[in-house]
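S.K.: Sequence:
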Amino acid sequence: MKINSKLPEIGTNIFTVMSKLAVDYKAINLGQGFPDFNTDERLQALVTKAMADGFNQYPFMTGVQGLREVISEKVKTIYGHQYDIDTEITITSGATEAIMSIMLASVGTGDEVIVLEPSYDCYLPAIKLSGASTVSVPMDPPTELRKTFQVDWDRVRANITSKTKMLIVNFPHNPTGAVIHEHDLDELEKIVQNTNILILSDEVYEHIIFDGVKHLSLATRPSLVERTFVVSSFGKTTHTTGWKVGYVCAPKEMTSELRKVHQFVVFTVPSNLQHALAAYTKDASTYLNLPAFYQKKRDQLTAGLQETRFKVLPSPGTFFLLADYSEIAKISEADFAIWLTKEYGVTVIPVSAFYKDSNAEASNHNLVRFCFAKKEETLANAIEKLKKV
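For the sequence shown, our numbering gives the first residue as 864, with consecutive numbering after it.
Rather than coming from a laboratory, the hints here were simulated on the basis of the structure. Do not take every clue at face value.
Stated by the list, open to error - Computed Cβ-Cβ distance ranges for the label pairs, DEER-style: (1) E1116 with K1193: 36 to 42 Å; (2) A915 with D1003: 20 to 26 Å; (3) D1003 with K1193: 20 to 26 Å; (4) E1120 with H1046: 27 to 33 Å; (5) K889 with G917: 29 to 35 Å; (6) D1003 with K912: 17 to 23 Å; (7) K1193 with M864: 44 to 50 Å; (8) Q907 with V1076: 27 to 33 Å; (9) T940 with L1008: 35 to 41 Å; (10) A908 with E1007: 46 to 52 Å.
Idealized CB from N, CA, C, for every residue including glycine.
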């Protein structure tokens, strides 16, 4: 029987395509964003203990209380805003479920959602399934003088209409590694002032930010807190992307609507994982030490790529960095990523894949994304292969 597709333009995503190519050609996969090392043995033991202690049945739909308490205390300590554990914090099945549930709860037919491009790949399908329309606003690409992507807030402002219901921001930014600054928050405040525009702030890389810079959560600004869903993820902070445990912090009225959808999308998240993460995350060093841990890996890959024909761009945050291949080939980013996998055994992701129209000239800047959430030997082996390009 034929189904009338709700997402006819969506096929197999780029991460699946490139990961399969990596397997087929026995390539080192620096494409999809997941660590190739295990999580802390202490956390593994806590999961086992939670199962032995009987935490194997449905927890509260909103999430285990102990975990919500830890999140509330962490956000208050770091960002200065305290979310109520009962009415303003929800544990979700990863950030992806959080984003989908937020969209289904908050926007609908006739609404417009502004998305900054390049953007993470789940945003556009979630917007479409909610019935709303996407308004894509490109970030300014790197130049010789400015080596990172940045937001043109005047361009964002020019795209605000009476239909604008939500604005999605994502910092530290996947795929570009860009981070947000005080002047960005200033501009964002001005744009949404005296409007009913909601904000979804995807902050899953909040603790992976480098060179002594501190992440500026939207939770640091009272005028933004009152209209923002802040999304984060334990997958990034504990090297457990496969566990799919995330959370959303938002004002009471917004959280109430989110939970109405969340309870019917997944109902709840594995009990043993939540109890283990609650005990583990009480130790603040488990996330405060992440910048130094990942900066060492970033610097290893950066130094290695500087011995190749790639031109490395700075990575202020996330566990990704971009590199320009224009001195190597004059082909599209997607074709280059495939060629590199097949011919040299290293898999990367084309940045163009994070645009609505990945084939457009404006989406191709001769850039590919490398993931450095890998063992030292994995990065060293990849660098040796890339020196031959």
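S.K.: Give a verdict on every hint.
M.R.: To see whether the hints hold, each was checked on the structure:
1. At about 53 Å, the CB distance of E1116 to K1193 disagrees with the hint of 36 to 42 Å.
2. For A915 and D1003, the hinted distance range of 20 to 26 Å is not satisfied, since their beta carbons lie about 53 Å from each other.
3. Distance hint check for D1003 and K1193: the Cβ-Cβ separation is about 23 Å, which falls inside the suggested range of 20 to 26 Å.
4. Separation of E1120 from H1046 is about 32 Å and conforms to the stated range, judged on CB atoms against 27 to 33 Å.
5. Remark: the range hint 29 to 35 Å for K889 to G917 is contradicted by a beta-carbon distance near 44 Å.
6. One distance hint, 17 to 23 Å for the beta-carbon pair D1003 and K912, is violated here, with the actual separation near 49 Å.
7. Between K1193 and M864 the Cβ separation comes to about 46 Å, which falls inside the hinted range of 44 to 50 Å.
8. Judged by the Cβ atoms, the range 27 to 33 Å given for Q907 and V1076 holds: they are separated by roughly 31 Å.
9. At about 37 Å, the CB distance of T940 to L1008 agrees with the hint of 35 to 41 Å.
10. Between A908 and E1007 the CB atoms are about 50 Å apart, so this pair conforms to the stated range of 46 to 52 Å.
The earlier numbered hints that this structure contradicts are 1, 2, 5 and 6.
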